[in-house]
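Chain by chain, the residues run as shown.
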Amino acid sequence: MKKIVAGIALGSLMAVSGSLLAADYVIDKEGQHAFINFKTGHMGFSVLHGRFNDFDGTFSWDAAKPEESKVEVTINTASVDSNHAERDKHLRSPDFLNVDKHPQATFVSTGVEVTGENTARVTGDFTFNGVTKPVVIDAQFIGEGEDPWGGYRAGFVGTTSIKLADYNVSMDLGPASAVVDLDLTIEGVRK
Amino acid sequence: MHWKNTATRYGLVAIVLHWVVAVTVIGLAILGLWMVDLSYYSPYYRSAPFWHKSIGLALFAVLVLRILWRLFTPRPAHLPNHRRWERISAALVHALLYLMLFVILISGYLISTAKGQGISFFGWFEVPATLTGLPSQADRAGQIHYWMAMAVLALAGLHALGALKHHFLDRDDTLRRMLGLRPRHLTDRQE
Chain V
1 MKKIVAGIAL GSLMAVSGSL LAADYVIDKE GQHAFINFKT GHMGFSVLHG
51 RFNDFDGTFS WDAAKPEESK VEVTINTASV DSNHAERDKH LRSPDFLNVD
101 KHPQATFVST GVEVTGENTA RVTGDFTFNG VTKPVVIDAQ FIGEGEDPWG
151 GYRAGFVGTT SIKLADYNVS MDLGPASAVV DLDLTIEGVR K
Chain Z
1 MHWKNTATRY GLVAIVLHWV VAVTVIGLAI LGLWMVDLSY YSPYYRSAPF
51 WHKSIGLALF AVLVLRILWR LFTPRPAHLP NHRRWERISA ALVHALLYLM
101 LFVILISGYL ISTAKGQGIS FFGWFEVPAT LTGLPSQADR AGQIHYWMAM
151 AVLALAGLHA LGALKHHFLD RDDTLRRMLG LRPRHLTDRQ E
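From first to last, the protein sequence lines stand for chains V and Z. Every letter in the first sequence is one number past the one before it in the UniProt record's numbering, and letter 81, counting from 1, is 81. Every letter in the second sequence is one number past the one before it in the UniProt record's numbering, and letter 7, counting from 1, is 7.
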């Protein structure tokens with residue numbers, strides 16, 4: 001029932017914006033309207049934020065059938081940026097991201113479960129440091145429509161959490177940093 | 001002993017500078033190799049790199065001073081028993097040691113300053129970043145820093161072997177001069 005409601009809600013939104021066909025989108029890398037940020041605890045004192053500057057991806061999206069959406073994102077992990085040269089160098093090392101051996105992290109969706117108006121649980125395989133495990137991204141649809149420059153855009157935000165130990169990260173930063181939250185903001189331009 | 005070099009002997013300044021650089025280079029190498037494997041909860045996790053960088057900056061100043069001193073007070077003449085190949089190889093090793101030490105110091109500086117952050121000099125003042133944002137700057141500088149350090153240790157070993165050869169096999173004054181000791185034949189004559 002929830003699904004249907006959400007489908008109708010998203011469908012009516014779509015009717016307003018004028019498209020009812022599933023479409024493929026490319027993440028707007030060129031215009032830099034997408035962000036993959038991460039955060040983790042720092043020894044229980046505060047929170048450390050960082051981001052990946054270089055990633056790419058695509059998604060297919062049809063507001064009338066959100067459960068059929070698909071998304072694929074590839075992150076070049078060497079682009080890690082926590083605004084600290086020495087730490088970033090350490091993060092790229094085999095202690096953490098191991099970028100020489102595994103230069104890319106990927107997320108490939110395997111299913112979408114609509115959970116409410118504009119929200120869904122996106123299940124998929126997350127590969128990082130050579131380890132693939134299923135993760136669930138809590139996603140929210142933000143909006144779509146024609147942009148002023150002749151394109152058509154759709155955007156989402158999503159969050160998920162991973163345990164570093166699950167991905168064979170060898171460095172132990174303590175219990176406050178065992179889990180890393182990923183915040184994704186994805187804006188795509190329709191192909 | 002004179003402060004300045006004479007035609008036959010090294011002065012105090014040249015001798016002290018030589019041994020200070022020798023001890024510092026070996027100490028920094030050991031400190032550097034040790035500190036990169038410290039756990040995040042080691043009490044030295046922050047202080048070890050702080051001292052490594054501060055001492056490295058000081059070494060840079062000492063090396064510049066050493067070269068200036070060399071220009072200011074010419075080195076004593078080669079010992080008469082030094083053969084041509086020995087003079088050439090010694091000069092080559094000396095030049096390479098200086099050159100490689102500068103490459104190590106500059107590459108180390110480029111790691112920490114890759115994103116614009118300066119380096120503290122013993123907490124007294126900060127040496128600002130200059131070259132920043134080169135492609136993979138911190139990683140490439142890090143590799144140069146590490147491998148050049150390994151090479152300099154090997155070359156310093158060769159340098160030391162040469163000194164020991166002169167001392168024990170040739171039984172000449174090459175090493176004694178750098179230790180500030182009286183020439184061997186002079187001691188013999190006095191006895």
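Hint data in this document are derived by calculation from the structure and do not stem from the laboratory. There may be inaccurate statements among the hints.
As the list claims (entries may be wrong) - Taking lysine-lysine pairs in the DSBU-like style, the calculated list, with each CA pair at most 30 Å apart, reads:
no., chain 1, residue 1, chain 2, residue 2
1, V, LYS29, V, LYS39
2, V, LYS133, V, LYS29
3, Z, LYS4, V, LYS39
4, V, LYS70, V, LYS133
5, V, LYS101, Z, LYS115
6, V, LYS133, V, LYS163
7, V, LYS29, V, LYS65
8, V, LYS89, Z, LYS4
9, V, LYS29, V, LYS191
10, V, LYS163, Z, LYS115
11, V, LYS89, V, LYS39
12, V, LYS70, V, LYS29
13, V, LYS29, Z, LYS4
14, V, LYS89, V, LYS163
Original post:
Taking only the CA atoms, is the gap from LYS89/V to LYS39/V under or equal to 30 Å?
Top reply: holds, 17 Å
Original post:
Given the proposed pairing of LYS4/Z with LYS39/V, does the C-alpha separation stay at or below 30 Å?
Top reply: Distance ~59 Å between LYS4/Z and LYS39/V Cα, so the pair is violated.
Original post:
Are the Cα positions of LYS29/V and LYS65/V separated by 30 Å at most?
Top reply: Distance ~25 Å between LYS29/V and LYS65/V Cα, so the pair holds.
Original post:
Holds or violated: are the alpha carbons of LYS133/V and LYS163/V at most 30 Å from each other?
Top reply: Holds: LYS133/V and LYS163/V sit about 11 Å apart, inside 30 Å.
Subject >> Given hint LYS29/V paired with LYS70/V - CA-CA distance at most 30 Å >> reply: holds, 18 Å
**OP:** Would you mind confirming whether the straight-line C-alpha gap from LYS29/V to LYS4/Z stays at or under 30 Å?
**Re:** Not satisfied, since the Cα-Cα distance of roughly 64 Å exceeds 30 Å.
Subject >> Satisfaction of hint between LYS163/V and LYS89/V, Cα-Cα up to 30 Å >> reply: holds, 21 Å
**OP:** Verify the proposed pairing of LYS89/V with LYS4/Z, using a straight-line Cα cut of 30 Å.
**Re:** violated, 44 Å
Original post:
Is the hinted pair LYS163/V and LYS115/Z satisfied, with a Cα-Cα distance of at most 30 Å?
Top reply: Holds, because 28 Å separates the two Cα atoms, which is no more than 30 Å.
Original post:
Is LYS133/V within 30 Å of LYS29/V, Cα to Cα?
Top reply: holds, 26 Å
Subject >> Proposed proximity, LYS191/V with LYS29/V (alpha carbon, max 30 Å) >> reply: The hint holds at about 13 Å.
**OP:** Verify the proposed pairing of LYS101/V with LYS115/Z, using a straight-line Cα cut of 30 Å.
**Re:** holds, 24 Å
Violated hints for the displayed structure, listed by number in ascending order: 3, 8 and 13.
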